[in-house]
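Using the sequences and the hints given, assemble the complete structure.
Protein chains in written order, with our numbering: chain A, 1 to 441; chain B, 442 to 882.
Treat each hint with caution, since some may be false.
[Unchecked claim] With a straight-line cut-off of 27 Å between C-alpha atoms, the simulated DSSO-like cross-links for lysine-lysine are: (1) B/Lys762 / A/Lys345; (2) A/Lys290 / B/Lys858; (3) A/Lys290 / A/Lys269; (4) A/Lys433 / A/Lys408; (5) B/Lys731 / A/Lys290; (6) B/Lys858 / A/Lys318; (7) A/Lys394 / A/Lys408; (8) A/Lys318 / B/Lys491; (9) A/Lys290 / B/Lys710; (10) A/Lys318 / A/Lys264; (11) B/Lys786 / B/Lys835; (12) B/Lys759 / A/Lys321; (13) B/Lys759 / B/Lys491; (14) A/Lys434 / A/Lys408; (15) B/Lys684 / A/Lys318.
[What the hints assert, rightly or not] Some chain B residues judged to face chain A by a derived CB distance under 7 Å, without partners named: (16) His470; (17) Thr471; (18) Asp472; (19) Arg501; (20) Gly502; (21) Ala512; (22) His516; (23) Leu542; (24) Trp544; (25) Val700; (26) Leu724; (27) Ile751; (28) Gln754; (29) Leu819; (30) Asp821; (31) Ile840.
[Unchecked claim] Reference listing, derived: stretches of chain B covered by chain A, where coverage requires no fewer than 3 residues with Cβ under 8 Å from a Cβ of chain A: (32) 528–540; (33) 552–564.
No lab work stands behind these hints, which were simulated from the structure alone.
Ideal placement from N, C-alpha and C gives every residue a C-beta, glycine not left out.
Given next are the chains, with one letter for each unit.
2 protein chains.
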Amino acid sequence: MVHGRVSRLSVHDVRFPTSLGGHGSDAMHTDPDYSAAYVVLETDAEDGLKGYGITFTLGRGTEVVVCAVNALAPHVLNKDLGDIVGDFRGFYRQLTSDGQLRWIGPEKGVVHLATAAVLNAVWDLWAKQEGKPLWKLLVDMDPQTLVSCIDFRYITDVLTEEEACEILRQSQVGKKEREEQMLAHGYPAYTTSCAWLGYPDATLKQVGCGTSFCRQFKVKVGADLQDDIRRCRLIRNMIGPEKTLMMDANQRWDVPEAVEWMTKLAEFKPLWIEEPTSPDDILGHAAISKALAPLGIGVATGEQCHNRVIFKQLLQAKALKFLQIDSCRLGSVNENLSVLLMAKKFDIPVCPHAGGVGLCELVQHLIIFDFISVSASLQDRMCEYVDHLHEHFKYPVLIREASYMPPKDAGYSTEMKEDSVKRHRYPDGEVWKKLLTAQRN
Amino acid sequence: MVHGRVSRLSVHDVRFPTSLGGHGSDAMHTDPDYSAAYVVLETDAEDGLKGYGITFTLGRGTEVVVCAVNALAPHVLNKDLGDIVGDFRGFYRQLTSDGQLRWIGPEKGVVHLATAAVLNAVWDLWAKQEGKPLWKLLVDMDPQTLVSCIDFRYITDVLTEEEACEILRQSQVGKKEREEQMLAHGYPAYTTSCAWLGYPDATLKQVGCGTSFCRQFKVKVGADLQDDIRRCRLIRNMIGPEKTLMMDANQRWDVPEAVEWMTKLAEFKPLWIEEPTSPDDILGHAAISKALAPLGIGVATGEQCHNRVIFKQLLQAKALKFLQIDSCRLGSVNENLSVLLMAKKFDIPVCPHAGGVGLCELVQHLIIFDFISVSASLQDRMCEYVDHLHEHFKYPVLIREASYMPPKDAGYSTEMKEDSVKRHRYPDGEVWKKLLTAQRN
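Encoded structure:
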């Protein structure tokens, strides 16, 4: 089925000036312009299908990721798509282990974000050629082929290829029913829109209610304790004692500070505290988990965990109760598969990070696949959702009754509208030309 | 003393075609072209002094780091040097916590390498303005000023500012004598030149002896077990049973593989195995340490540990017996100071990584400072040395009797010869023009 030789890779710096409205602001990222390094793959096949891949960024620095994508391009150009996906593990290894480029990673930061953008485009193209949405491509794949996409380097002490296969085989039971369940009801979502730090109280009240998201709420904390208490009280009063409240510190704290601060917010009964400290601090997260468990607060993290090796250790160290994969920080579907399987082995629910630009579009495929083919459970699980910027995507997410409805279009939902890309290209798109001119005057 | 406003930041992509001779090859980096993103800072001060900073790279990808340096430039340009070093912690935090740029790190990979290059230039300029070699600038600094350069974020559970000050105060005793000792005898070095994987046996024998480095040897392992056994036997026979042999796997193995492989190389009595697995795998290093301790083999790592948070955990988890700082991967002197102090607290010897291009020039300052002002010990300590590419530096290292002699010129020894930079600029320098033309023909 898969065919064609990659004849062109282009990459665009696409930025949305979200900082103007305070959208997405948190304790560490005070002025994000939601952006993406946007990769387009073309082949010489007659079908004319293209693969689109993004990685999410916050504005400045997108040009650095674009530069890294160009550095990776020689590994992709002129490759036969059949050869790529036919030995996807080998191709993944080739991208992440380039003998010169790996020094500036390895498998972390800019090069890994670039790897994600490139591989996301490959997966989009593959799914399009198969005529299936990505989640369905994965669901229909036999276990052996699925694991052949995963690089098990550095994780075999926790998960071998054989174990991964066995997990997938065991989850075959009830797969069909779970697929039907997803198609009928979708995957449960929760929203973060209600409480960005940059929002004034009025906006906060307005977005918090009146939506169909009346089950779970997430609030940003960590900048100022008294203000956090005030805002958490406001929201808890608004939603009542039964509904789920999560808190997100976006890495603001040191380990002792995290424990102290959350002890003071415990009265508002948060289900979890997300990113309490450095995303690199496995032992720190473990210490915080241990200290907060008696208060009924779990630790959630993952959106800035840079690869499977960090996730492996978070699981080994019992450092989290909720694992938050990201569709653009890890090495695309390939690396996320390994994390979903490790989470299953450790019986830790996966609650993906989303929002930004395109993250909802992408990660819904992964979590729907996870439910159908890996976890087989919705217990303690939900997928983040933010109602921003979907209008720029050709196949935007469909939310119904606060659930992600499985995409039906072929591909990975990564394709942006041509006009949106054109207008938001930095610095030469119309939107930026205007803004930059205004700034200069 | 410090003065001037930063009026210009330029950055160059400088590459040396070392892959042509197999220099520097190891199990994971098979064809490195030792390279650097080379930063030059100019001020409006009348002294005309410039600050030079490098970060080390392996060829491809240097342009990505250059791009990241340019992204950081607005934080440096037009700043008063006195304001920068007067609140160095704040300036460090500003660079590493840019609300948009930190997403593509944070404090890891490309952006952190770029941060290192920029800050190395600041330190070079500061030391030059003070008329002192960097090590001496640090040695003469009072404890309070030293710790004011450190960002303690994410490490206060292991080291607070007060503890850091106390460590430095306690090490005041005997400082003068240790400085004299360094000036007279230098800091012990060991060489890695003898056993790059790409070298044929004849070269191996040739470079292994006949130098003044007859105390310690390091051999690259990890590509092929039988070949490793053969080469280790050759070298052990050559150097005799008494001298120290170290092994370096450059992250080739998974955790169980590392233990198995090193068990088979134990007969050659290595002091340490360096980088047995992923640099991100703290718990993996801890497991390997535990398994190899009964065989008398210690674990050494650090050259690819991307920040102080990883080092903190390696120390907490008893994952290493030798800690190898790098002068260009961590956030310059600022972050290395925090690691030297944590190592002191845990009583783990620091044995810096060097080699590449410029790493010896830079790191000698840090380790000489460490001996005089922090560790006060040479027990189990030595600094890596590779005899490559020093001819391109204006103030090259001086090795005497296999020891680094303390630099006497003002600055951080980071300045390259103008002509070397010009000839090796990629892709437009003369050396590359010729090579690229030859490649095309």
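Now for the hints, and whether the structure bears them out:
{"no.": "1", "hint": "B/Lys762 / A/Lys345", "result": "violated (32 Å)"}
{"no.": "2", "hint": "A/Lys290 / B/Lys858", "result": "violated (54 Å)"}
{"no.": "3", "hint": "A/Lys290 / A/Lys269", "result": "holds (17 Å)"}
{"no.": "4", "hint": "A/Lys433 / A/Lys408", "result": "violated (36 Å)"}
{"no.": "5", "hint": "B/Lys731 / A/Lys290", "result": "holds (24 Å)"}
{"no.": "6", "hint": "B/Lys858 / A/Lys318", "result": "violated (52 Å)"}
{"no.": "7", "hint": "A/Lys394 / A/Lys408", "result": "holds (12 Å)"}
{"no.": "8", "hint": "A/Lys318 / B/Lys491", "result": "violated (50 Å)"}
{"no.": "9", "hint": "A/Lys290 / B/Lys710", "result": "violated (41 Å)"}
{"no.": "10", "hint": "A/Lys318 / A/Lys264", "result": "holds (23 Å)"}
{"no.": "11", "hint": "B/Lys786 / B/Lys835", "result": "violated (36 Å)"}
{"no.": "12", "hint": "B/Lys759 / A/Lys321", "result": "holds (25 Å)"}
{"no.": "13", "hint": "B/Lys759 / B/Lys491", "result": "violated (42 Å)"}
{"no.": "14", "hint": "A/Lys434 / A/Lys408", "result": "violated (37 Å)"}
{"no.": "15", "hint": "B/Lys684 / A/Lys318", "result": "violated (43 Å)"}
{"no.": "16", "hint": "His470", "result": "holds (5 Å)"}
{"no.": "17", "hint": "Thr471", "result": "holds (5 Å)"}
{"no.": "18", "hint": "Asp472", "result": "holds (5 Å)"}
{"no.": "19", "hint": "Arg501", "result": "holds (4 Å)"}
{"no.": "20", "hint": "Gly502", "result": "holds (4 Å)"}
{"no.": "21", "hint": "Ala512", "result": "holds (6 Å)"}
{"no.": "22", "hint": "His516", "result": "violated (11 Å)"}
{"no.": "23", "hint": "Leu542", "result": "holds (4 Å)"}
{"no.": "24", "hint": "Trp544", "result": "holds (4 Å)"}
{"no.": "25", "hint": "Val700", "result": "violated (10 Å)"}
{"no.": "26", "hint": "Leu724", "result": "holds (5 Å)"}
{"no.": "27", "hint": "Ile751", "result": "holds (6 Å)"}
{"no.": "28", "hint": "Gln754", "result": "holds (5 Å)"}
{"no.": "29", "hint": "Leu819", "result": "violated (30 Å)"}
{"no.": "30", "hint": "Asp821", "result": "violated (25 Å)"}
{"no.": "31", "hint": "Ile840", "result": "violated (25 Å)"}
{"no.": "32", "hint": "528–540", "result": "holds (count 3)"}
{"no.": "33", "hint": "552–564", "result": "holds (count 3)"}
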